[in-house]
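Participant: Full structure from sequences and hints, please.
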Amino acid sequence: MSGLTLKHSIRQRILLLILLTSGLAFLCVAVAVAIYESTTFRPRQLDALKNTSRLLLEVLPGTLDFGGSDSANAYLRIYAEETQPGVVIAALYDAEGKLFAVYNRDAIAFSTPRTVEPSGHRFTADELNLWEPVNRNANTIGHLYLQKVLPPLYARLPQYTIMAGAVAFALTIVGFVLILGVRRNLLRPLSTLLATTTHVTEHRDYTATAKIDHEDELGLLANAFNRMLEVIGQRDTDLRQANALIRDVFAATTEVAIIAGDLNGLVTLFNTGAEHMLGYSSAEIVNRATPILWHKAEEIENRATELSLQLNRKISGISTFTALSDQGQPDSHEWTFIRKDGTELKVILVITGMHDSQGRPSGYLGVASDITRRKRAEDEREKLHGQLIHAQKMEAVGQLAGGVAHDFNNILAAMLMHIGLMRDEPGVSPEMRAQFDEQQEFVNRAANLTRQLLLFGRREVMQKKLVDLDSLLGNVLKMLRRLIGENISLEFKGNLKATWINADSGMIEQVVMNLVVNARDAIETCGRITLTTTVVDLTDTGKSTEARPGSFVCLTVTDTGSGMTAATLEHIFEPFFTTKDQGKGTGLGLATVYGIVKRHDGWIEVESTPGSGTTFRIYLPASTHQQASPSKNPVSPPTIGGRETILLVEDDEFVRHAALAVLRHAGYTVITAVNGQKALEFWATREQKIALLLTDMIMPDGLTGLDLVKRLRKDDPALKVIIMSGYSLELSQQGVLDTERVTYLAKPFEATGLNQTVRQVLNAK
Amino acid sequence: MNAANRISAPARRVPLKYLLHAAALCTFAGAGLIARAEPPVAAISTQTIAAASQPSMAQESRVKAAYLVKFTQYTSWPASTFESDTSPIVIGIIGPSPIAADLKQEARPITRPRPIEIRTIATPEEATHCHAVFFSRTDSYQEESWLVALKGKPVLTVGESDQTIKRGAIIHFVAEGKKVLFEVSRPAMERSNLKISTEMLRYAKTVRNALEASN
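Residue numbers (our numbering), protein chains in the order written: chain A, 1 to 765; chain B, 766 to 980.
Hints listed in this document are in silico derivations from the structure and should not be mistaken for laboratory results. These numbers were taken from a predicted model, which means no experiment stands behind them. Backbone N, C-alpha and C define an ideal beta-carbon position, used for all residues, glycine too. Hints may contain errors.
Distance ranges between label pairs, derived from CB positions [unchecked claim]:
# : chain 1 : residue 1 : chain 2 : residue 2 : range
1 : A       : Pro43     : B       : Asp850    : 34 to 44 Å
2 : B       : Gln824    : A       : Pro85     : 38 to 48 Å
3 : B       : Met822    : A       : His121    : 55 to 65 Å
4 : B       : Ser845    : A       : Pro133    : 28 to 38 Å
5 : A       : Glu127    : B       : Ser905    : 56 to 66 Å
6 : A       : Met163    : B       : Ser845    : 52 to 62 Å
7 : B       : Asp850    : A       : Pro85     : 39 to 49 Å
Facilitator: Below, the structure written as structure tokens:
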């Protein structure tokens with residue numbers, strides 16, 4: 001039964017139940033009828049016979065007394081045939097027991113008793129025999145015999161058909177009503193509930209409700225179902241909103257790559273940021289084990305080794321990415337990603353484990369940020385830091401050099417002036433004069449060294465003027481040839497047009513000299529050095545980071561020497577970097593070149609191939625002011641000496657004495673002061689006109705040469721001034737030199753130089 | 766219809782068969798009416814009896830005696846005519862008569878509910894104490910006066926003369942060939958305050974409903 005019920009729908013089960021119940025009820029009725037029929041059949045037959053015979057018995061005395069056999073026969077026949085059809089024999093006997101009248105339906109089949117028997121009944125298998133007395137008043141005047149054939153069961157059954165039909169009809173009606181009731185009360189609500197459930201499942205429409213207006217359990221069920229739908233619907237809405245938020249967040253994080261994978265390494269999520277970052281589309285990546293696509297194999301290996309050491313177990317393959325997060329440790333590591341187009345980028349990849357609602361690991365979430373720019377900025381910063389250190393180093397060297405140069409120059413200046421004086425003494429033999437010249441050369445070399453130190457430290461005062469680079473090179477070429485020796489040829493290819501630059505010619509000479517000396521040192525035995533000047537108009541900045549568009553004069557120095565490696569090239573402009581043997585180079589040569597070129601707003605490009613030589617290109621801004629200055633600058637033999645009075649202010653005793661000697665020797669009246677204060681005191685008490693103030697720049701009492709100039713000019717605005725300095729001048733002070741109409745004389749200077757400068761200043765208007 | 770009522774009571778116990786029984790009853794009652802409307806039926810019965818006996822006075826006397834006794838069995842008198850429940854039904858015979866012996870013989874077996882007593886009477890006065898009085902053909906001369914005396918009295922008067930009904934008797938023996946039949950006068954019966962069963966009236970040759978002209 002249970003097996004049957006489980007297979008069928010409720011409707012079928014209920015229908016079956018009703019059918020079974022109806023059938024059972026019908027069966028019960030049938031059994032009851034059968035029992036009733038079988039147990040009451042005979043008594044009922046007897047009753048029926050007796051009852052009907054009573055009527056006959058009332059009319060029979062009349063026929064016996066008055067009517068005769070004929071009327072008795074008629075009565076018996078009518079009775080047997082019409083009142084009791086089952087009666088086959090009806091016989092009437094008179095008081096004496098003689099047959100008075102008889103009805104026999106079939107005389108052959110049934111025999112009429114000959115003699116009267118006592119009143120009573122007797123059943124045989126298929127017939128009922130009844131003897132009844134015929135009484136008139138209380139007197140028996142005859143006997144009636146009835147023989148009835150009992151109808152067989154099948155003949156009796158039809159009389160129950162109506163009852164059976166009625167019962168069956170009633171049961172059908174009841175069943176029908178039950179089915180209607182069940183449909184209305186049970187099946188229809190259930191169908192509604194089912195339809196609602198299906199609708200909700202198919203359309204995800206949680207606003208649907210099961211409309212069941214019952215107040216029974218089904219109504220309660222429907223209400224509970226509707227409430228459940230509301231709750232689920234609310235949760236569904238929340239979930240959708242949360243999902244939408246997550247989706248929006250994923251889509252909006254375009255700068256950060258979010259990549260999720262399952263436990264097998266299959267990518268389950270690849271957001272917009274990841275698409276931007278890696279160049280793959282989500283469709284290409286999702287559901288594939290693709291992290292290898294954008295990782296460098298060697299990075300994975302390195303990381304695996306690193307993790308193996310850290311975690312003390314073998315790490316390889318995909319677990320390189322998951323090992324740390326599996327242990328609940330944060331995994332934040334820098335990686336190089338390879339984009340779809342092959343380019344690389346640096347990222348920080350943070351990997352965290354994802355867990356499902358039961359807390360079991362469900363996958364991994366990787367969040368990668370592009371740190372290429374950060375990396376670049378860091379590199380930049382490091383470079384800047386290096387440059388700062390470099391600058392600080394240079395500053396330190398410069399200060400040292402400046403400090404040394406100040407005193408050194410004073411000494412050298414004194415020496416040069418003395419040598420000059422002695423050389424020009426009358427009676428000096430040509431041999432002696434040659435020795436003096438040699439001494440002067442030594443001192444000049446020392447002075448040059450100092451000058452280089454100052455240049456490098458950018459302490460040198462730059463005296464820019466328009467210079468034709470070709471002419472300048474032409475002037476120094478002879479000296480350079482002497483410098484490089486006979487094994488090396490020096491070629492100069494000048495530009496066809498003028499190569500005007502606004503530059504400090506001394507500094508440019510220094511640049512050329514340093515480059516050529518370096519070239520010479522790069523050539524071991526013999527070779528060639530080529531100097532070329534060109535004018536270029538740059539529109540493309542090219543490979544050099546310092547290049548800029550514009551018109552430039554380019555000086556190229558090419559040698560056929562040993563060349564340099566890329567590693568060496570990186571350092572050649574650093575101060576004190578040298579490839580030369582200990583004692584042979586100062587390491588300042590190229591640093592000085594770099595410093596000078598920078599100060600002229602130019603830049604240097606170097607090309608070198610080890611074994612085949614080096615090419616330096618110096619770019620200097622070409623000047624548009626083309627003055628016909630060369631004609632104005634004829635080297636006319638300077639007039640030396642005079643009768644003017646010169647106020648010499650110099651704190652260095654040697655220099656003061658030397659200069660005093662030189663100037664007096666030249667015929668000037670010289671008044672000396674050891675510092676600015678003394679000079680002011682003298683000025684206040686002067687008795688003759690002072691034509692020229694020759695003063696040191698830096699003096700110990702705090703009053704500088706410039707200060708002194710300003711004080712004295714208040715008194716005599718036309719006072720001519722030469723400021724000497726072996727040290728440095730601040731840039732602002734450089735400007736002052738121009739505005740204050742001050743001539744600058746760099747220490748150390750020769751006697752001749754001093755005389756010439758003094759005369760020039762005095763001659764000037 | 767009286768019979769139908771009696772049948773119907775037991776018939777109610779088996780409702781399914783009620784209609785069947787009712788139909789049968791109607792048929793049966795109809796058959797009864799037919800029988801009463803056909804005197805030959807009764808005549809055949811009498812004929813049977815007559816055929817068995819010799820056509821003699823003695824035969825006829827015995828038949829009439831039997832009839833007389835049977836008549837008393839279908840007639841009901843007012844209760845006041847009996848002294849008790851077991852008081853006999855008295856049949857009066859005028860003077861000595863040959864029928865007396867036959868009557869006694871016929872009446873002997875009847876004991877319930879009342880016995881039958883045969884009494885020879887001589888005066889109409891005596892006749893009023895009887896329940897039934899038979900006037901033979903020989904009594905014809907005094908029949909009329911006696912009947913006048915018995916008029917309205919609860920006495921079943923039976924005669925043989927052609928004038929019997931006219932004279933006020935209730936039953937008249939009619940000889941038809943060899944058969945003995947009887948007529949009944951309903952007015953006389955009713956005047957005498959007697960009731961004769963329909964079971965007997967059914968077999969009467971004639972039931973006269975109006976009084977014939979009499980003196």
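Participant: Given the hint of 52 to 62 Å, check if A/Met163 and B/Ser845 actually sit that far apart at their C-beta atoms.
Facilitator: Holds, at about 55 Å.
Participant: Is the gap between the beta carbons of B/Asp850 and A/Pro85 within 39 to 49 Å?
Facilitator: At roughly 42 Å between Cβ atoms, A/Pro85 and B/Asp850 fall inside 39 to 49 Å, so the hint holds.
Participant: Could you check the hint for me, namely that A/Glu127 and B/Ser905 are 56 to 66 Å apart, CB to CB?
Facilitator: Holds: the Cβ-Cβ distance is about 57 Å, inside 56 to 66 Å.
Participant: CB of B/Gln824 to CB of A/Pro85, is that within 38 to 48 Å?
Facilitator: Given about 42 Å between the Cβ atoms, the range holds.
Participant: How does the Cβ-Cβ distance of B/Ser845 and A/Pro133 compare with 28 to 38 Å: does it lie in that range?
Facilitator: Holds: the Cβ-Cβ distance is about 32 Å, inside 28 to 38 Å.
Participant: Assuming the hint says 55 to 65 Å, is it satisfied by the Cβ distance from B/Met822 to A/His121 or not?
Facilitator: 46 Å, violated
Participant: Does the hinted range 34 to 44 Å hold for A/Pro43 and B/Asp850 at CB?
Facilitator: 36 Å, holds
In this structure, only the earlier hint numbered 3 is contradicted, and the remaining ones agree with it.
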